[in-house]
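There are 2 protein chains.
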Amino acid sequence: MLDANPGDLRAAVRAGEHTGPTAGLCPGYTQANLVALPEADAFDFLRFCVANPKPCPVLDVTDPGSAEPAQMAPGADLRTDVPRYRGFRGGELVDEPPDAREVWRDDLVAFLIGCSFTFERALLAEGLPVRHIDQGVNVPMYRTNVDCTPAGRFSGPLVVSMRPMTPAQAIRATQITSRYGPVHGAPVHVGEPSELGIADLSAPDYGDPVEVRDGEVPVFWACGVTPQAVAVASRPSLMISHAPGHMFVTDARDEKMAML
Amino acid sequence: MLDANPGDLRAAVRAGEHTGPTAGLCPGYTQANLVALPEADAFDFLRFCVANPKPCPVLDVTDPGSAEPAQMAPGADLRTDVPRYRGFRGGELVDEPPDAREVWRDDLVAFLIGCSFTFERALLAEGLPVRHIDQGVNVPMYRTNVDCTPAGRFSGPLVVSMRPMTPAQAIRATQITSRYGPVHGAPVHVGEPSELGIADLSAPDYGDPVEVRDGEVPVFWACGVTPQAVAVASRPSLMISHAPGHMFVTDARDEKMAML
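These protein sequence lines map, in sequence, to chains A and B. Counting from 1, position 21 in the first sequence corresponds to residue 848 in the working numbering; the numbering is continuous, with no gaps. Counting from 1, position 49 in the second sequence corresponds to residue 876 in the working numbering; the numbering is continuous, with no gaps.
Chain A extracted, bound-state conformation:
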């Protein structure tokens, strides 16, 4: 499964044979965050993404009523090809099913949003630390006190992911991730967590805590889990997303996400 091609992995997910996280699967292929909303909310949400490109870089949008991401994975089915889903109703997380066919509706529009897994491979290729991979856990993510730019009915806090590094490593990581504009790009903050309203690095709001070693500073990137915090704040009647870490694996190559 580790070296499966994306189509084979999605088939295994669809068959219920893989329901776990996707970190490290199909190396070299872009993984994506999922957001599906009723068509009535879709224009406001797309405006929200365009106004907040760092947390919400849009990789694909389905036709209303279609679950096929025609640009990023032609033939795939977003109702079945994500290992675990989250259903939000009126902003409340109500379910985490392995299959979304029961809750999907004919009026939904699905959005694929870039994921930091893409640039992590570039960091690892430089020998930079990606602590949550070393520790075998999910990346720590935090709701911040930074408001996204509102658009229509959608507003809410920026969510960030965090990777500890030395200052010199943080500078190099800034250079590397700046190339990857469509997958969150450069960090949004380096250093003091309290400046983002984060009280305790050891208690992330999503994912798992990781060790910050002596001489390291926390480096924060905008995170594609932001729409889930926005759902809680903005209470759309229905939002279906992936469960954090359980991404949709596309047919697109990671290197296609590099701007230059």
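Hints in this document: simulated from the structure, not taken from any laboratory. Because the structure is a prediction, the values reported are computed rather than measured. Careful: at least some of the hints might be erroneous.
[Stated by the list, open to error] Facing chain B, from chain A, some residues (calculated, C-beta under 7 Å):
#: 1; residue: Phe870
#: 2; residue: Leu873
#: 3; residue: Arg874
#: 4; residue: Val877
#: 5; residue: Val885
#: 6; residue: Val888
#: 7; residue: Thr889
#: 8; residue: Gly892
#: 9; residue: Val1015
#: 10; residue: Met1086
Glycine residues also receive a C-beta, built at the ideal position from the N, C-alpha and C atoms.
Based on these hints, arrange chain B on the given structure of chain A.
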């Protein structure tokens, strides 16, 4: 007027004191293409832009019914602050008024789309030739035989702008414009015009022809006039745009458009 700040220029435009092209005005401030459409077409058009980021990089989207680009120029009025407009009805160009209040409707959504004027300043700063500026004419633009990625009701050809350069200059220009992802980014083609379906460089579809000197090749960038060709192909009931070269001048600094 040449060194006016954007707010003063927009006030002069609104008062009917400036109805000409905007090239060279308010140096350092980002100029933008305008597209306004009925709300019923707005989601399809925004999906079209997201699927075609090189010709249609979205800088701002108004709330439905509002003519204020709140992110790029708070307080401005897109019905009056563009020096010359174009009105398309059912895909036909029907008018080029200096003021759009007569044709504007309460259900319109307006989009600001990045413009190559931003990266031209960076090219000039390197001493690279920008021939249409040297010749004092509008940049030559061509409809190509390259189809944009369709989205909903919108489809149509890619429009490109062209600047002649030596091959070495074209390489440097590729590096420089790659930094400016939100304003068309790197070229889409260098060399043979016929590969884009362009039969005669001396007969552009928009703007003016420019001299191509011995030893120079034509260098083509995706162009923000693309939505006007898409309007002709897709025939929305109403589209209001700027007249080519008569841009909306925003409060945003050009350097903010550089990705890194």
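So, going through the hints one by one against the coordinates:
1. Checking phenylalanine 870 of chain A against chain B by beta carbon gives a least distance of about 4 Å; that is within 7 Å, so the hint holds.
2. For leucine 873 of chain A, the interface hint holds, since its Cβ comes within 7 Å of a Cβ in chain B; the closest pair sits about 5 Å apart.
3. Checking arginine 874 of chain A against chain B: minimum C-beta separation of about 5 Å stays under 7 Å; hint holds.
4. Hint status for valine 877 of chain A relative to chain B: holds, with the closest Cβ pair at about 5 Å, below 7 Å.
5. Annotation: valine 885 of chain A was flagged as interfacial toward chain B, and the flag holds, the nearest CB pair being 5 Å apart, inside 7 Å.
6. Proximity of valine 888 of chain A to chain B holds as hinted, the smallest CB-CB distance being about 5 Å (cut-off 7 Å).
7. Evaluation of the threonine 889 of chain A hint against chain B yields a violated restraint, the C-beta minimum of about 9 Å exceeding 7 Å.
8. At a threshold of 7 Å, the smallest CB-CB gap from glycine 892 of chain A to chain B is about 12 Å, leaving the interface hint violated.
9. The closest approach between the C-beta of valine 1015 of chain A and any C-beta of chain B is roughly 14 Å, which is over the 7 Å cut-off, so the hint fails.
10. A least Cβ separation of about 5 Å between methionine 1086 of chain A and chain B falls short of the 7 Å threshold, and the interface hint therefore holds.
Figure legend: structure checked against the earlier numbered hints; hints not met, in rising order: 7, 8, 9.
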